[in-house]
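Undergrad: Below, each chain spelled out in residue letters.
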Amino acid sequence: MREKVQRLVLAFAAATHAMAAEQYFRQQGIPGRLIPLPGSISAECGLAWSTEPGLQKEMEQLAKNKKIQIQGIYEVMLYERKEIL
Amino acid sequence: MRKQIDAKGLACPKPVILAKKAIDQGTAGEEISVLVDNEIAVTNLRKLASSQGVEFTSAKKAEKEYEVLLILKQGKNPQSVPAPEVENCTVKNRKKIVAVLSSDKMGEGEEKLGHILMKGFVYALSQLEELPDTVLLYNKGAFLSCQGAETLEDLKLLEKEGVQILTCGTCLDFYGIKDKLAVGAVTNMYSIVQEQAQADLIIRP
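Protein sequence lines correspond, in order, to chains A and B.
Mapping the first sequence onto our numbering, position 45 (from 1) lands on 45, and the numbers just tick up by one.
Mapping the second sequence onto our numbering, position 142 (from 1) lands on 142, and the numbers just tick up by one.
Simulated from the structure, these hints should not be mistaken for lab results.
Watch out, some of these pointers could steer you wrong.
Partner residues are not named here, just some residues of chain A that face chain B (Cβ under 8 Å, in silico) [as the list claims (entries may be wrong)]:
#  : residue
1  : Met1
2  : Arg2
3  : Glu3
4  : Met19
5  : Leu34
6  : Ile35
7  : Pro36
8  : Leu78
9  : Tyr79
10 : Arg81
Distance condition first, Cα-Cα at most 16 Å in a straight line; then the derived EDC-like pairs of lysine to aspartate or glutamate [stated by the list, open to error]:
#  : chain 1 : residue 1 : chain 2 : residue 2
11 : A       : Lys4      : B       : Glu161
12 : B       : Lys156    : A       : Glu80
13 : B       : Lys160    : A       : Glu3
14 : B       : Lys3      : B       : Glu55
15 : A       : Lys4      : B       : Glu130
16 : A       : Lys82     : B       : Glu67
17 : B       : Lys8      : B       : Glu39
18 : B       : Lys105    : B       : Glu150
19 : B       : Lys95     : B       : Glu130
20 : B       : Lys3      : B       : Asp24
21 : A       : Lys4      : B       : Glu129
22 : A       : Lys82     : B       : Glu161
23 : B       : Lys112    : A       : Glu22
24 : A       : Lys67     : A       : Glu22
25 : B       : Lys47     : A       : Glu3
26 : B       : Lys60     : A       : Glu80
The beta carbon of each residue, even a glycine, is placed where N, CA and C say it ideally should be.
Let's have the full structure, built from the sequences with the hints guiding it.
TA: In structure tokens:
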């Protein structure tokens, strides 16, 4: 069944930055995915990159390399499916 | 210290009442294990944990056996927090929710943006506290349940959670993607109409 797990979520300055980030992070083999900006971060409509906790420094460096503007990095509980052993 | 509550077979909201009582009587760091026999009880216990500031984990142990573990945090005084309203005590009271995806894009405008929005919409469906009963996919929406679609993993997650994923057979046939269907089942117009006619709530992107 699904469970809420902690994820590292990057919010971007603009949707175009989020789209560029998705492409770049995938090229770099970074685990994660583009998601709608969770309501717990902001009520605004936006896109965010959800990845594994602990990758904050790596993500910041990658974004800096590609001049992708990160608006904020957050730890958010999101639903994911947990396989039953 | 761990307290065990066997709430299997108890009618809703009894598991929540027993768990709330144990939380009120518990001390910081204490673990409360609650055994229940349905997912609605798990959902209600999750809501209780969230309202009480208590850590929550759950696992399916067997068919009709779920273990919910509640861990009381340090420095909390949960006695002062009332329990949340328990909803959906029985399946009978539950609203039937149907999500209808009739395109591979969300909204009009730039195609690339439309695809990204649709991908986000399907992900957001998987994040709902109360999942839909059925997702209907037709016309270009049929592509969303086929191999290669970026929405596939989220639809598979929904299906594993018991959501019915139904894709229009005529549409799969028309677009020549019948052999690409990768989640759920093929449906027809009668089911598409019936599912919506029986729904209490229809969600469209």
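Undergrad: With reference to the structure, classify each hint as holding or not holding.
TA: The hints, checked one at a time:
1. Met1: Holds. Min distance 6 Å.
2. Arg2: 6 Å, holds
3. Glu3: With Cβ-Cβ at 6 Å, under 8 Å, it holds.
4. Met19: Result: holds, 7 Å to nearest chain B Cβ.
5. Leu34: 7 Å, holds
6. Ile35: A/Ile35 check passes; min Cβ-Cβ to chain B is 5 Å, inside 8 Å.
7. Pro36: 4 Å, holds
8. Leu78: 7 Å, holds
9. Tyr79: 5 Å, holds
10. Arg81: 5 Å, holds
11. A/Lys4 with B/Glu161: 14 Å, holds
12. B/Lys156 with A/Glu80: Measuring from Cα to Cα gives roughly 12 Å; hence the hint holds.
13. B/Lys160 with A/Glu3: Distance of about 13 Å is within 16 Å: holds.
14. B/Lys3 with B/Glu55: Holds, at roughly 15 Å.
15. A/Lys4 with B/Glu130: Between A/Lys4 and B/Glu130 the Cα gap is close to 14 Å, so the pair holds against 16 Å.
16. A/Lys82 with B/Glu67: 14 Å, holds
17. B/Lys8 with B/Glu39: Holds, at about 11 Å.
18. B/Lys105 with B/Glu150: 12 Å, holds
19. B/Lys95 with B/Glu130: OK: B/Lys95 and B/Glu130 at ~9 Å, within 16 Å.
20. B/Lys3 with B/Asp24: Measuring from Cα to Cα gives roughly 13 Å; hence the hint holds.
21. A/Lys4 with B/Glu129: 11 Å, holds
22. A/Lys82 with B/Glu161: 11 Å, holds
23. B/Lys112 with A/Glu22: At roughly 13 Å apart (the allowed maximum being 16 Å), A/Glu22 and B/Lys112 satisfy the hint.
24. A/Lys67 with A/Glu22: 13 Å, holds
25. B/Lys47 with A/Glu3: 13 Å, holds
26. B/Lys60 with A/Glu80: 15 Å, holds
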